[in-house]
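Work out the full structure, taking the sequences as your base and the hints as a guide.
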Amino acid sequence: MMSERNINLLTLSLFVMIPVWAYMADEPFTITLMTRAAIFALAAVGLNLILGIGGFVSFGHAAFFGLGGYVMGILAWHAQNYSPLLEWPLLIEGTNSMPVIWLLSIILSALLALVIGAVSLKTSGVYFIMITLAFAQMMYYFSVSWSAYGGEDGMSIYVRNEFPGLNTLDPIQFYFLCLMLLLASLWLVSSLIKSPFGLALNAARQSPQRVQAVGLDIHRLQLFAFVVSGAITGLAGALFADLNRFVSPNMFSWQLSGEFIVFIIIGGVGRLFGPVVGALVFVGLEHFLGGISDFWHIYLGVILLLIVLFSKSGLIGLIAKKGGHHD
Amino acid sequence: MKSLLNVSVGIITAAFLTMGSASADIKVGMITTLSGGGAGLGIDVRDGFMLAIKQSGRSDINVVIEDDQRKPDVAVKLADKMIQSEKVDVLTGIIWSNLAMAVVPSATAQGKFYLSPNAGPSVLAGKGCHENYFNVAWQNDNIHEAAGAYADGAGYKKTFILAPNYPAGKDALVGFKRYFKGQIAGEIYTKLGQTDYAAEIAQIRAAGADSVFFFLPGGMGIAFLKQYSGSGVDLPIVGPAFSFDQGILQAVGEAALGVVNTSQWNKDLDNPTNAAFVKSFKAEYGRLPSLYASQGFDTANLLISAVAKADVNNTDAFRAALKSADFDSTRGDFSFSSNHHPIQSIYAREVIKEGDIYTNKTISVALENHSNFYTQDCKM
Amino acid sequence: MSFVLIVEQILNGLQLGVTLFLMSAGLTLIFGVMGLINLAHGSLYMVGAFAAAAVAGAFGSFILALIAALAAAAIAGAIVEISILRRLYRRDHLDQVLATFALILIFSEGTRWVFGSFPLYLDIPNYLQGPVMLPGGIQYPLYRITLIILGVLVAIFLGLLISKTRIGIKIRAGENDREMIAALGVDISKLYTMVFALGAALAGLAGALVGAIQSVEVGMGEPVLILAFVVIVIGGIGSIKGAMVGSILVGLTDTLGGVFLPKILQLFIDISTATNVGSSIASMAIYILMGAILIWRPTGLYGSRL
Numbered sequence: 123m124m125s126e127r128n129i130n131l132l133t134l135s136l137f138v139m140i141p142v143w144a145y146m147a148d149e150p151f152t153i154t155l156m157t158r159a160a161i162f163a164l165a166a167v168g169l170n171l172i173l174g175i176g177g178f179v180s181f182g183h184a185a186f187f188g189l190g191g192y193v194m195g196i197l198a199w200h201a202q203n204y205s206p207l208l209e210w211p212l213l214i215e216g217t218n219s220m221p222v223i224w225l226l227s228i229i230l231s232a233l234l235a236l237v238i239g240a241v242s243l244k245t246s247g248v249y250f251i252m253i254t255l256a257f258a259q260m261m262y263y264f265s266v267s268w269s270a271y272g273g274e275d276g277m278s279i280y281v282r283n284e285f286p287g288l289n290t291l292d293p294i295q296f297y298f299l300c301l302m303l304l305l306a307s308l309w310l311v312s313s314l315i316k317s318p319f320g321l322a323l324n325a326a327r328q329s330p331q332r333v334q335a336v337g338l339d340i341h342r343l344q345l346f347a348f349v350v351s352g353a354i355t356g357l358a359g360a361l362f363a364d365l366n367r368f369v370s371p372n373m374f375s376w377q378l379s380g381e382f383i384v385f386i387i388i389g390g391v392g393r394l395f396g397p398v399v400g401a402l403v404f405v406g407l408e409h410f411l412g413g414i415s416d417f418w419h420i421y422l423g424v425i426l427l428l429i430v431l432f433s434k435s436g437l438i439g440l441i442a443k444k445g446g447h448h449d
Numbered sequence: 342m343k344s345l346l347n348v349s350v351g352i353i354t355a356a357f358l359t360m361g362s363a364s365a366d367i368k369v370g371m372i373t374t375l376s377g378g379g380a381g382l383g384i385d386v387r388d389g390f391m392l393a394i395k396q397s398g399r400s401d402i403n404v405v406i407e408d409d410q411r412k413p414d415v416a417v418k419l420a421d422k423m424i425q426s427e428k429v430d431v432l433t434g435i436i437w438s439n440l441a442m443a444v445v446p447s448a449t450a451q452g453k454f455y456l457s458p459n460a461g462p463s464v465l466a467g468k469g470c471h472e473n474y475f476n477v478a479w480q481n482d483n484i485h486e487a488a489g490a491y492a493d494g495a496g497y498k499k500t501f502i503l504a505p506n507y508p509a510g511k512d513a514l515v516g517f518k519r520y521f522k523g524q525i526a527g528e529i530y531t532k533l534g535q536t537d538y539a540a541e542i543a544q545i546r547a548a549g550a551d552s553v554f555f556f557l558p559g560g561m562g563i564a565f566l567k568q569y570s571g572s573g574v575d576l577p578i579v580g581p582a583f584s585f586d587q588g589i590l591q592a593v594g595e596a597a598l599g600v601v602n603t604s605q606w607n608k609d610l611d612n613p614t615n616a617a618f619v620k621s622f623k624a625e626y627g628r629l630p631s632l633y634a635s636q637g638f639d640t641a642n643l644l645i646s647a648v649a650k651a652d653v654n655n656t657d658a659f660r661a662a663l664k665s666a667d668f669d670s671t672r673g674d675f676s677f678s679s680n681h682h683p684i685q686s687i688y689a690r691e692v693i694k695e696g697d698i699y700t701n702k703t704i705s706v707a708l709e710n711h712s713n714f715y716t717q718d719c720k721m
Numbered sequence: 005m006s007f008v009l010i011v012e013q014i015l016n017g018l019q020l021g022v023t024l025f026l027m028s029a030g031l032t033l034i035f036g037v038m039g040l041i042n043l044a045h046g047s048l049y050m051v052g053a054f055a056a057a058a059v060a061g062a063f064g065s066f067i068l069a070l071i072a073a074l075a076a077a078a079i080a081g082a083i084v085e086i087s088i089l090r091r092l093y094r095r096d097h098l099d100q101v102l103a104t105f106a107l108i109l110i111f112s113e114g115t116r117w118v119f120g121s122f123p124l125y126l127d128i129p130n131y132l133q134g135p136v137m138l139p140g141g142i143q144y145p146l147y148r149i150t151l152i153i154l155g156v157l158v159a160i161f162l163g164l165l166i167s168k169t170r171i172g173i174k175i176r177a178g179e180n181d182r183e184m185i186a187a188l189g190v191d192i193s194k195l196y197t198m199v200f201a202l203g204a205a206l207a208g209l210a211g212a213l214v215g216a217i218q219s220v221e222v223g224m225g226e227p228v229l230i231l232a233f234v235v236i237v238i239g240g241i242g243s244i245k246g247a248m249v250g251s252i253l254v255g256l257t258d259t260l261g262g263v264f265l266p267k268i269l270q271l272f273i274d275i276s277t278a279t280n281v282g283s284s285i286a287s288m289a290i291y292i293l294m295g296a297i298l299i300w301r302p303t304g305l306y307g308s309r310l
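Protein chains in written order, with the working numbering: chain V, 123 to 449; chain B, 342 to 721; chain G, 5 to 310.
Hints listed in this document are in silico derivations from the structure and should not be mistaken for laboratory results.
Note that beta-carbon positions come from the ideal geometry of N, C-alpha and C, so glycine has one too.
Each computed DSS-like pair below joins lysine-lysine, with the alpha-carbon atoms no more than 27 Å apart:
| id | chain 1 | residue 1 | chain 2 | residue 2 |
| --- | --- | --- | --- | --- |
| 1 | B | Lys720 | B | Lys518 |
| 2 | G | Lys245 | V | Lys244 |
| 3 | B | Lys518 | G | Lys267 |
Reference listing, derived: stretches of chain G covered by chain B, where coverage requires no fewer than 3 residues with Cβ under 8 Å from a Cβ of chain B:
| id | segment |
| --- | --- |
| 4 | 105-117 |
| 5 | 129-137 |
| 6 | 142-152 |
| 7 | 204-218 |
| 8 | 222-231 |
| 9 | 275-285 |
This is the structure in structure tokens:
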């Protein structure tokens with residue numbers, strides 16, 4: 123048996139070794155696949171903050187993922203066509219600089235999360251699941267019918283956006299850019315968890331009354347967690363759009379929100395590396411099972427079922443065999 | 342914009358040229374929908390395509406097939422896989438416009454050929470056209486334009502039109518109106534994926550129209566037709582082939598009987614290629630071919646004709662070979678317009694019952710040797 | 005806009021509501037009694053529709069087809085409950101979401117494996133074909149009238165079942181206190197299987213009834229599933245009465261929003277923009293409704309207070 127810490131290290135080393143090997147062996151597609159896993163992991167790390175630590179199951183995180191995607195798509199589209207985004211009251215031009223796009227994705231996703239969170243966090247349990255889903259569905263239908271930016275066809279951005287000093291078209295360079303952001307978000311989340319804020323949030327999930335008794339405003343704690351969570355997922359959306367050089371309403375779909383949850387459960391709820399392990403395993407399964415037969419979804423379903431039935435706290439829990447640190 | 346595009350295309354091409362295919366064989370990547378609700382279309386395209394490859398007897402054409410699950414991001418991932426790891430020369434297979442929009446621009450920018458066996462979004466025909474993109478099916482508007490022309494010829498004066506609220510739906514209504522000169526009694530955009538049309542049918546009933554045109558692909562069309570036939574509204578319907586094709590028709594059943602729909606192909610088109618295709622498809626797979634199967638079959642034959650003429654690594658020669666469209670199409674006369682979309686006749690056909698099976702009979706030519714509206718926008 | 009058209013659209017909204025009720029009644033029962041979030045409920049709807057299409061194709065009888073739909077969905081539900089889901093009642097909602105998500109994958113592709121990739125044929129029987137004249141000169145499809153009546157009958161049946169029968173007492177007891185009911189000597193696992201099969205059968209019935217006027221295809225259950233969830237959240241989870249009210253509200257909002265929003269907007273802006281914007285807002289209408297209700301009442305209209 124391995125300790126959770128060792129599993130985390132192993133996961134990290136996989137995220138470094140596999141792409142390096144792929145680079146040496148000239149297997150660029152493996153790098154693309156790992157980039158996909160890293161971005162999904164980033165999105166799920168965001169979700170895990172409110173879901174795992176905060177105890178609120180958001181079934182609508184695709185709203186932020188898609189928003190990040192559209193921020194990238196719209197800015198890059200305007201830059202590509204040399205048409206300003208806004209001429210009045212002030213001139214706003216499009217851009218294809220990644221840092222600017224990231225920053226805007228984070229800010230706008232945080233704002234959206236503030237609105238959605240302010241409304242949704244008044245409910246809990248299944249009601250919370252459904253109201254977050256409702257918001258994501260609104261975004262979905264809105265984007266489908268918003269013909270200025272492609273409607274359901276989405277938008278193609280022919281070239282990946284730029285990052286100072288890097289050639290982002292080179293798969294390995296773009297991959298490590300994504301990996302750095304994933305690591306940064308892991309660091310952020312882990313220090314948040316250890317901070318007084320994180321401890322209070324964790325305590326609020328287990329016993330709201332006690333936290334309230336100490337005089338903390340639970341609602342504000344949770345709202346803050348939700349905003350950070352949405353912002354991280356929004357950033358992941360911007361990266362995902364850049365990976366595919368394409369955005370479409372599909373990035374708002376409820377299936378995607380569901381997949382984020384699935385990543386977390388596969389890996390282990392509330393564990394720092396749960397979403398990372400889950401995303402890696404899921405992307406791997408999708409890739410390898412897809413070749414087996416036309417009906418490969420059946421195999422995927424069976425494997426997911428086995429994971430739920432036989433591991434109470436995700437794959438990490440199954441391997442670490444010492445139970446989750448939260449139940 | 343153009344200069345920026347050219348520069349970037351240059352960069353991408355340079356990045357990928359280093360891994361051009363090594364052997365003289367040609368490798369084809371097919372990305373199509375093989376699972377979930379829309380799988381029937383992808384399976385037909387695949388089967389038609391592979392039938393042509395098999396009949397050609399060529400062993401130097403390798404086809405890799407992958408399932409896109411009808412998700413744009415999966416299609417992009419598969420295109421990356423095909424290009425980066427399988428190192429294909431030609432891509433094909435995508436059914437849906439939104440998936441094509443996700444894959445085609447970047448694939449052609451990377452120097453790959455793309456042969457579309459089904460989707461033909463207007464962007465790829467106009468401003469976003471590309472010399473390596475060939476559409477072997479139709480430009481999205483075509484079938485609807487023919488429906489407009491047919492409705493006009495049939496003497497309809499006041500038509501009610503409806504389509505889902507998404508780009509292909511808007512293209513459909515625009516296409517129809519382009520060739521229909523009568524009055525529009527009402528125009529509705531329905532929700533994408535909607536399955537209940539009672540509200541729309543009530544509006545049709547109240548609109549005082551003399552005919553109905555609808556574009557509702559897949560299950561949406563089945564639902565609409567069944568509900569329409571039970572509603573007591575008996576205005577004649579005109580629609581594109583998609584809701585009346587071989588695969589879907591059996592599920593619509595009697596409700597479709599007698600409906601006129603427009604298509605560039607039908608199994609009774611009188612040419613030897615088509616007769617042989619229908620016969621061999623039935624023998625091979627035990628079912629009648631659909632529109633999509635014919636498109637897959639034609640796409641493969643176009644490819645085979647080009648392979649016979651030129652080496653795929655000689656890009657210019659191969660492109661010219663594709664452009665000449667020197668193959669026997671199941672549709673009879675076939676050539677490419679300046680923006681690499683078909684110039685072909687589009688027929689009006691009527692749904693009939695042959696024994697126990699619902700199928701179509703060609704009744705007239707709706708548009709003869711029809712090209713597309715976007716050639717002027719394409720600077721190639 | 006004529007009076008007749010308005011009445012007709014209200015009927016359409018009611019009919020949609022009634023079919024949603026068949027779906028959401030089972031969903032809300034299963035949640036109320038077992039505490040299970042069943043994402044695979046839409047798959048049972050699909051199973052019902054496919055079973056009906058297969059039997060109608062083989063024997064040509066619509067009644068037999070409906071019975072087959074009920075039976076097939078109930079059996080599929082019972083098998084899934086016994087083999088998998090009963091292990092998950094004590095787990096948290098997340099595990100249930102993942103497991104039933106996995107079941108959707110298995111059901112969908114399994115169905116496609118058995119029945120092929122093309123939609124199946126299922127039509128309404130001759131005796132229910134065509135329109136009828138309602139008072140006031142309203143022409144309305146007989147089949148849809150039948151659906152509304154059938155839905156109301158099922159609602160009455162469920163109401164009686166829960167308030168008047170022994171099973172109903174057990175179900176209500178199960179909703180209130182799971183430990184106590186076991187202490188009373190009720191075979192709880194049998195009760196659970198029964199409730200699940202009942203919910204599944206209702207979903208299967210809905211699938212068959214709706215399949216006759218829509219298309220019987222893989223994936224048909226998922227949009228309905230989302231709508232059914234919206235319904236039970238609006239109504240309050242676990243409440244049959246809430247499911248009834250929620251279904252009607254969602255049915256009316258969805259139908260009337262789609263028709264009248266574009267018309268109303270046309271008064272202010274030009275027709276094509278109005279059509280566009282109107283249909284966009286209409287497609288979001290039920291979610292806006294749900295959001296508004298949850299802000300007002302965080303546990304739905306008839307849900308138990310937190």
